[in-house]
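Modelling step: build the complete structure from the supplied sequences, incorporating the hints.
Okay, here's what each chain looks like letter by letter:
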Amino acid sequence: MVLLDSDRYARQIKLAQIGTTGQERLAGSTVLIAGAGGLGSLSALYLAAAGVGHLIICDPDHVEISNLNRQLLHAETSLGKPKVASAADRLGQLNASIRITPAQVRLDHGNMDGFLEGVDLVVDGCDNYQTRQVINRACRGHNLPWVFGGVQGFDGMISSFLPGTTACFECIVPDPATKSGAPSPDNGILGACAGMIASIQAMEAVKLLLGIGTPLANRLIRISGLDMRITTTCLSPNPDCRACGPTRQKPRTKKNENPI
Amino acid sequence: MKIQFNGLEETIPQGLSIRKLIEFFGEGDPHVIVEQNGRYIYPKNYDRCMIAENDRIEFINPNLGG
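Sequence order for the protein chains is R and A. The letter at position 195 of the first sequence is residue 410 when you use our numbering, and the numbering goes up by one with no holes. The letter at position 35 of the second sequence is residue 92 when you use our numbering, and the numbering goes up by one with no holes.
Note that these hints are calculated values from the structure, not bench results. Idealized CB from N, CA, C, for every residue including glycine. Misleading hints may appear alongside valid ones.
Computed footprint of chain R on chain A, listed as stretches where at least three residues anywhere in the stretch have a Cβ under 8 Å from a Cβ of chain R [unchecked claim]:
#1 90–99
#2 106–119
From the structure, some residues in chain R lie toward chain A, with a derived Cβ separation under 8 Å [claimed, not checked]:
#3 Thr235
#4 Asn343
#5 Val366
#6 Val388
#7 Arg437
So, in structure tokens, the structure goes:
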């Protein structure tokens with residue numbers, strides 16, 4: 216493959232761990248970004264800028280004014296548009312040489328498999344437990360890595376889940392009744408907080424696509440932004456996990472009633 | 058005895074299990090994630106895992122917004 220964009224990517228091709236081979240690998244990669252909100256906005260921008268060849272972006276919502284403090288894919292001119300249309304416009308302006316597939320859809324256990332055809336990796340940009348459970352189960356079924364990120368207020372957390380290798384999302388957050396799990400417009404969020412977590416997710420995504428460095432596997436990074444305290448928790452698969460444990464169960468519901 | 062709790066030094070009674078420590082601190086989220094000395098502790102081990110002097114304990118409420 217002849218790279219037409221070698222100037223565009225010159226500064227990352229200079230990195231020994233990436234080089235021309237790595238750049239070609241990125242160009243041949245497909246990433247599904249689940250959500251075009253605070254997290255998905257930033258991870259999509261970085262992955263598009265890095266030259267990931269195909270981005271599939273899923274989100275059922277429309278752009279609202281209250282999104283604009285953190286969802287940097289969208290602008291005032293996009294108010295009222297589907298987020299995925301706004302995302303595709305903005306990402307296309309940033310990098311016209313990659314393919315972008317917008318899907319205005321609420322991911323659920325019934326439709327998720329259809330979006331994973333040809334996908335190499337999933338990046339989490341959801342704002343609720345249920346869609347993450349959908350991703351967790353589907354990625355396990357397709358043996359795909361996914362990069363979890365979650366934010367609230369000034370805080371956030373990140374981990375990479377590699378099916379069959381690491382603890383999974385439901386190992387560490389087994390119950391949808393978790394107090395902080397419910398999305399609510401009352402939950403405040405600083406834009407830079409989402410950007411901080413999404414940037415780390417994008418970094419992990421590139422590493423996993425290229426097989427470089429040490430993935431954030433079996434480690435959960437937590438960032439408390441107000442006092443800038445960053446801690447890492449070691450994880451191990453939960454033998455009682457209902458998703459990946461020996462006695463795993465099927466998800467109870469087929470429909471996901473919560474938004475991305 | 059002294060432990061590091063969520064990054065701060067705290068004094069707690071001797072001989073507490075993780076389950077008792079959750080009660081001691083009045084943690085209201087039944088689904089809180091507990092980390093002891095950098096390791097995730099699964100809920101089924103809350104009674105078995107005892108707190109020792111100078112342990113680093115973190116109570117983590119998952120961030121699930123996006």
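Go through the numbered hints given earlier and state which of them the structure violates, listing their numbers in rising order.
Hint check: 3 fails alone, others pass.
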